[in-house]
Every structure is written in structure tokens, then in C-alpha cells.
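**Q** So the chains spell out like this:
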Amino acid sequence: NAGVTQTPKFQVLKTGQSMTLQCAQDMNHEYMSWYRQDPGMGLRLIHYSVGAGITDQGEVPNGYNVSRSTTEDFPLRLLSAAPSQTSVYFCASRTGFTYEQYFGPGTRLTVT
Amino acid sequence: KQEVTQIPAALSVPEGENLVLNCSFTDSAIYNLQWFRQDPGKGLTSLLLIQSSQREQTSGRLNASLDKSSGRSTLYIAASQPGDSATYLCAVRGGLTGGGNKLTFGTGTQLKVEL
Numbered sequence: 001n002a003g004v005t006q007t008p009k010f011q012v013l014k015t016g017q018s019m020t021l022q023c024a025q026d027m028n029h030e031y032m033s034w035y036r037q038d039p040g041m042g043l044r045l046i047h048y049s050v051g052a053g054i055t056d057q058g059e060v061p062n063g064y065n066v067s068r069s070t071t072e073d074f075p076l077r078l079l080s081a082a083p084s085q086t087s088v089y090f091c092a093s094r095t096g097f098t099y100e101q102y103f104g105p106g107t108r109l110t111v112t
Numbered sequence: 001k002q003e004v005t006q007i008p009a010a011l012s013v014p015e016g017e018n019l020v021l022n023c024s025f026t027d028s029a030i031y032n033l034q035w036f037r038q039d040p041g042k043g044l045t046s047l048l049l050i051q052s053s054q055r056e057q058t059s060g061r062l063n064a065s066l067d068k069s070s071g072r073s074t075l076y077i078a079a080s081q082p083g084d085s086a087t088y089l090c091a092v093r094g095g096l097t098g099g100g101n102k103l104t105f106g107t108g109t110q111l112k113v114e115l
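The listed protein sequences correspond, in order, to chains L and R. Numbering-wise (the numbering used here), the first sequence opens with residue 1 and increments by one. Numbering-wise (the numbering used here), the second sequence opens with residue 1 and increments by one.
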């Protein structure tokens, strides 16, 4: 199993540009989520999904959009990038029984 | 609102030393607690998962304990090695009812094991 994969690993955007961060998992997990990690603030939940076609907001959803058309994929869209969205973004999935969480390698995003 | 605190924020020890990392949480109504390791510029690797009904879990040189009533968990690392150098994160999952199924993270303990 590849586990949770994310692309790209690094990205630089200009303010106002849009982009999609890709996330995929091959563990057949129903639950997937997106976090951002900022120095001194820990990981914060952006959006999550409990299955294909179902998404909901987390702690810091503003400026981000998600959809879940398949069990495997959970892309995160930045609608109009702002410098405050400079961060490291992690996608995660979890098992449905033990609720153990697995993380992808992250995408380091810089918005200038 | 659940808050997770990890003390100390940074720790430097000589190789071979046994050490304890601490995690405390404010709401004891948890489903489970998970310890992660994060290497610089990398993702989070799951180390140990303790369900709320369990007291401890062990994996190799790692042992994690959970005292739910006092809101504390410890991660014990035996015979530390330079390869253990990383940031260790504690995360608490809330109860599954009332929308509390959320993972709350501490800000981590940055460990350096020196030769």
C-alpha cells in the first residue's frame, strides 16, 4: 500500500491565484481530512469527509473548498490564495474501527 | 473546548538515556489518544494509539500510558538513539457523540538525542 499520497510537495503561488492540492489513499478509508500546520499553532482541521459525496467544515475552512467524488480522492482547492494561507498542508485518512489516523507527506505552500 | 498541552517544548538528552514526554488534555471524555513522530519537512508517522479503555500500549522501545481521569498521557522512550531525534506530537480524539469526533493536537516536543 502507498498509504496517503499528496501532490505537489512544494508550491509557490501569487496572491489571488487558485490551485488544487491533490490527496489520495489506497486503504479504502471512508474518513479523510485536511489539516494545516503553522509554527506554534499545531495542526488545525480545515475540512473533512466521512465518505464519498459527504464533506463538512473543520476549524479553519475559510478560503478552501473540497469535494469527494470517490473514496480514494479528496482534493483541496484554494479559491483565491492569500499570504495567510502560507502553510504546510497535510491530508489524512483514518480507519473506521480503531479510528487510527494516517497522514500524507504534506504540501509546503508559499503565497507571495 | 479540548486543549492539549505538551511539556517540555524541547528536550536534549545524551544517547542511551531513558526519557519521558508528557501530554495533558483538558476534557477527559476522549475516544482515543495517538502519539505521532514528525521528522523535519516530513509528514506525521503514527507511533502508538491508545483507546480510552486502555492504560498503555507498547511498541519496541516505546511505551505510552494513558490516565484518562487525570487528563494525562506519557510517552516513554527507552535507551534513546540519535535516530529518535524528531518532534513528537500527541493528539486526542473526542467522544463520538455530539459531533465531538475531532482530533486535537498538541504543539509537540522537539527531541534531540546527542552522541
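Incorrect hints may appear among the rest.
With a straight-line cut-off of 27 Å between C-alpha atoms, the simulated DSS-like cross-links for lysine-lysine are [what the hints assert, rightly or not]:
no. : chain 1 : residue 1 : chain 2 : residue 2
1   : R       : Lys1      : L       : Lys14
2   : L       : Lys14     : R       : Lys112
3   : R       : Lys68     : R       : Lys1
4   : R       : Lys42     : R       : Lys112
5   : R       : Lys1      : L       : Lys9
6   : L       : Lys9      : R       : Lys68
7   : R       : Lys112    : R       : Lys1
8   : R       : Lys68     : R       : Lys42
9   : R       : Lys102    : R       : Lys42
Treat the hints as calculated values from the structure; they're not laboratory data. Values in this document were obtained by computation on a predicted structure and should not be read as measured data.
**Q** Run every hint past the structure and note whether it holds.
**A** Status of each hint after checking the structure:
The suggested pairing of lysine 1 of chain R with lysine 14 of chain L is violated, with an alpha-carbon distance near 35 Å, which exceeds 27 Å. The suggested pairing of lysine 14 of chain L with lysine 112 of chain R is violated, with an alpha-carbon distance near 36 Å, which exceeds 27 Å. Restraint check for lysine 68 of chain R and lysine 1 of chain R: the C-alpha separation of about 16 Å stays at or below 27 Å, so the hint holds. At roughly 16 Å between alpha-carbon atoms, lysine 42 of chain R and lysine 112 of chain R fall within 27 Å of each other, so this suggested pair holds.
Using a Cα cut-off of 27 Å, the hinted pair lysine 1 of chain R and lysine 9 of chain L is violated, with the two alpha carbons roughly 33 Å apart. Between lysine 9 of chain L and lysine 68 of chain R the CA atoms are separated by roughly 37 Å; this puts the pair beyond 27 Å, and the hint is violated. About 32 Å separates the Cα atoms of lysine 112 of chain R and lysine 1 of chain R, which puts this hinted pair outside 27 Å; it is violated. For the proposed pair lysine 68 of chain R and lysine 42 of chain R, the alpha carbon gap of about 30 Å is over 27 Å, so the pair is violated.
With a CA separation close to 23 Å, the supplied pair lysine 102 of chain R and lysine 42 of chain R stays within the 27 Å bound.
When the structure is compared with the earlier hints, violations turn up for hints 1, 2, 5, 6, 7, 8 and for no others.
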